[in-house]
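Undergrad: Next come the chains, spelled out residue by residue.
There are 2 protein chains.
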Amino acid sequence: MGIIVQKYGGTSVVDIDHIRNVAKRITKTYDQGNNVVVIISAMAGVTDELIDMAMQVTDSPEKRELDVLLATGEQTTAALLAMTLKAMNYPAMSLLGYQAEVHTDCAFGNARILDIGAGRIKDLVDERNIVVVAGFQGIDENGNITTLGRGGSDTTAVAIAASLKADICEIYTDVDGIYTADPNVCKKARKIVAISYDEMLNMASLGAKVLQIRSVGFAKKYNVPVHVRSAFTEEEGTMVVNEDSGMERLVVSAVTHDKNQARITLKKVPDQPGVAAKIFTPIAESGIVVDMIVQNTRAEGHTDLTFTVPKVSFEAALEIEGRVAEEIEAEDVLGDKNIAKVSVVGVGMKDHSGVAAKMFNILARENINIIMISTSEIRISCIIEEKYAELAVRVLHTAFGLDKEE
Amino acid sequence: MGIIVQKYGGTSVVDIDHIRNVAKRITKTYDQGNNVVVIISAMAGVTDELIDMAMQVTDSPEKRELDVLLATGEQTTAALLAMTLKAMNYPAMSLLGYQAEVHTDCAFGNARILDIGAGRIKDLVDERNIVVVAGFQGIDENGNITTLGRGGSDTTAVAIAASLKADICEIYTDVDGIYTADPNVCKKARKIVAISYDEMLNMASLGAKVLQIRSVGFAKKYNVPVHVRSAFTEEEGTMVVNEDSGMERLVVSAVTHDKNQARITLKKVPDQPGVAAKIFTPIAESGIVVDMIVQNTRAEGHTDLTFTVPKVSFEAALEIEGRVAEEIEAEDVLGDKNIAKVSVVGVGMKDHSGVAAKMFNILARENINIIMISTSEIRISCIIEEKYAELAVRVLHTAFGLDKEE
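Which chain is which? The protein sequence lines are C and W, in order. Position in the first sequence counted from 1, then plus 36, gives you the working numbering. Position in the second sequence counted from 1, then plus 36, gives you the working numbering.
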């Protein structure tokens with residue numbers, strides 16, 4: 037008998053009525069003869085409320101205790117959902133992180149799953165129970181509660197699906213799939229039927245925000261087919277699968293954009309070993325996540341170095357680099373918040389040359405200046421002026437043949 | 037170095053400001069050189085909110101899942117308190133039921149503590165940590181979360197104090213001690229300096245409501261000195277101790293009353309073996325708690341049988357006994373909600389005759405009719421008409437020499 041893992045996000049369990057709907061969806065799958073394991077998030081908004089509560093105590097709450105606090109969110113919904121299923125006369129049982137043996141490292145607040153000791157889940161499933169696992173939480177080697185970071189329930193779901201060798205991991209969310217571009221920006225965006233893990237990895241980090249990126253890495257490693265779909269309709273969503281799974285191979289699968297970045301440039305940095313470390317160590321120590329880094333060679337033993345950080349970290353990063361610039365005797369520090377990152381993503385790129393050139397040409401035709409460029413095997417990203425972001429997405433979407441048919 | 041166990045009730049941790057005050061009290065004790073283990077309740081009102089949530093799902097929520105839900109209440113305050121102590125630069129750590137190894141039976145919703153595997157608490161205490169234990173919750177032999185019933189945190193505290201061989205178990209609550217009578221009813225009631233476990237056992241079940249009765253049994257068994265005191269003042273409260281602890285031995289220590297009972301009488305019950313079982317089995321199966329039972333012999337092979345149940349269970353019990361009466365061919369079923377139980381309690385009674393006679397005389401002098409009588413070694417209880425309850429408490433309080441000096 038097949039095992040289906042279903043993960044429901046916070047907006048799907050926001051109150052008892054929603055939980056009842058989730059229960060109906062689960063029992064429908066169960067009644068079709070499948071074994072079902074459910075991973076559940078906290079009710080939408082609850083995690084933020086708990087963080088607010090902790091912030092009333094102190095600006096920097098102890099991370100171990102914050103995890104103990106946050107774990108109550110998923111515990112609450114897991115209990116309520118199992119209760120709902122029992123009230124519908126289905127055999128159901130909730131398991132918390134430690135009961136489901138979700139073993140993690142001890143990086144409180146951002147722990148990584150090391151392994152799932154799926155003994156108890158497996159036994160319960162074999163007895164035809166619907167197992168409801170509290171997502172987002174695990175336990176470290178000392179028996180402390182850990183949490184997996186924002187979106188961590190996705191990773192719980194994929195990891196449990198992998199350990200159970202489930203047929204599929206369904207991620208129920210408030211969008212109905214993954215699109216070729218943000219439909220709010222590009223009216224001609226199409227829902228993608230199937231996308232590869234690698235493309236998804238590149239899209240998630242670019243702001244697609246549908247799946248926690250770590251869960252996609254897990255899915256790729258253990259080859260777990262993931263189906264991202266809406267909790268509110270019966271429509272098929274997007275399959276995230278191995279790229280050999282006979283999916284349509286477009287050169288470019290999607291155009292993404294991210295307006296949440298800001299740019300910082302250090303001018304005339306002495307071109308010596310150790311300088312880059314001096315620039316980025318204090319940034320990392322402040323917990324600021326750097327996205328793109330570009331360094332241009334320049335004359336006379338100096339170089340310019342540019343990188344991007346999230347807009348919210350811009351002022352802090354600028355202040356840090358002001359001090360660094362003095363220390364390393366760079367000429368100046370400049371910053372710009374009015375930028376956006378536009379990317380084209382596609383596994384087909386690996387076999388096609390000229391995608392980058394085509395992208396630059398399309399942008400040039402619209403008089404959009406490219407400020408920075410960064411590429412991976414299956415992605416090309418350009419930093420442009422923020423005001424051109426939507427225009428760039430639309431023209432690239434059309435030029436790479438992604439527009440839906442009218 | 038001595039170990040002090042402190043338990044804080046829901047009204048002491050109702051918000052972050054209150055939690056901060058609790059933290060100050062804890063650190064004061066710690067700074068005096070004591071090792072401190074804290075047992076914490078859910079914020080006042082939270083447990084009821086969680087029950088309401090479950091009742092939105094179904095009228096009779098699965099007990100295992102209800103316990104998973106309810107356990108979040110104490111988990112939240114334990115995390116917040118440990119966080120507060122850490123923010124004050126004290127070494128602190130929260131432990132949940134399973135982490136503190138509070139092993140219970142598997143009676144969900146009303147589990148009994150079997151033992152405390154205090155290894156981890158002891159290690160943490162030895163390293164001078166302030167350990168904050170989530171009260172009210174434990175874990176059964178299968179790793180399921182259990183809860184200990186209303187007031188269960190008291191029992192957690194006493195059980196942990198016993199296992200650690202603590203010097204004292206302080207119960208911080210919203211009253212400043214145990215009184216010789218309810219001060220709202222009897223203005224002359226005095227705070228009791230010291231009271232024996234046995235007296236407390238008799239008082240708790242009679243509605244003194246300051247300590248969960250099970251915790252007192254635990255304290256007696258392991259001889260744990262318990263100090264019941266206010267979380268809001270520095271005043272000494274009431275010590276609950278072994279009766280040999282040199283406490284003042286009054287004949288009567290307190291007068292209690294309970295207006296939450298209702299009476300049910302089955303008239304002309306056939307006086308045959310097995311009849312009592314037929315009367316009380318369906319009541320027990322409905323989860324209704326019977327308090328007093330009185331049976332009077334009557335002529336011609338029949339007897340009258342009277343018992344009391346909580347007022348909220350009155351209608352249900354009456355309906356059940358209507359059916360039973362038909363089955364066992366009793367003549368009639370009568371009920372009365374307008375009753376009260378008034379009791380005098382005191383270990384001194386064991387050595388003094390005439391306490392019962394004195395009590396009946398005092399009530400008779402006020403023309404208070406006694407409906408039922410029940411006695412234990414150190415307690416005499418009378419059921420009287422509800423309207424006389426306050427008067428009875430006052431006259432008994434005076435007559436047994438309990439009034440405070442003016």
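It cannot be assumed that every hint is accurate.
If several chains are the same, the list does not tell them apart, and a pair holds so long as it fits within one copy or across any two.
[To be verified] List time: in silico DSSO-like cross-link candidates among lysine-lysine, alpha-carbon distance up to 30 Å:
id: 1; residue 1: Lys223; residue 2: Lys64
id: 2; residue 1: Lys386; residue 2: Lys314
id: 3; residue 1: Lys373; residue 2: Lys386
id: 4; residue 1: Lys60; residue 2: Lys99
id: 5; residue 1: Lys256; residue 2: Lys440
id: 6; residue 1: Lys303; residue 2: Lys223
id: 7; residue 1: Lys99; residue 2: Lys64
These are calculated hints, taken from the structure and not from any lab test.
Undergrad: Hint by hint, note whether the structure agrees.
TA: Going through the hints against the structure:
1. Lys223 x Lys64: neither (34 Å within a copy, 64 Å between copies)
2. Lys386 x Lys314: The answer is neither: 35 Å in one copy and 82 Å across copies each exceed 30 Å.
3. Lys373 x Lys386: neither (32 Å within a copy, 83 Å between copies)
4. Lys60 x Lys99: For Lys60 and Lys99, the Cα distance is within 30 Å only across copies (21 Å; inside one copy 37 Å).
5. Lys256 x Lys440: Classified as within: same-chain Cα gap 28 Å, cross-chain 77 Å, threshold 30 Å.
6. Lys303 x Lys223: Neither: 40 Å inside a copy, 81 Å across copies.
7. Lys99 x Lys64: Intra 40 Å, inter 25 Å, cutoff 30 Å: inter-copy only.
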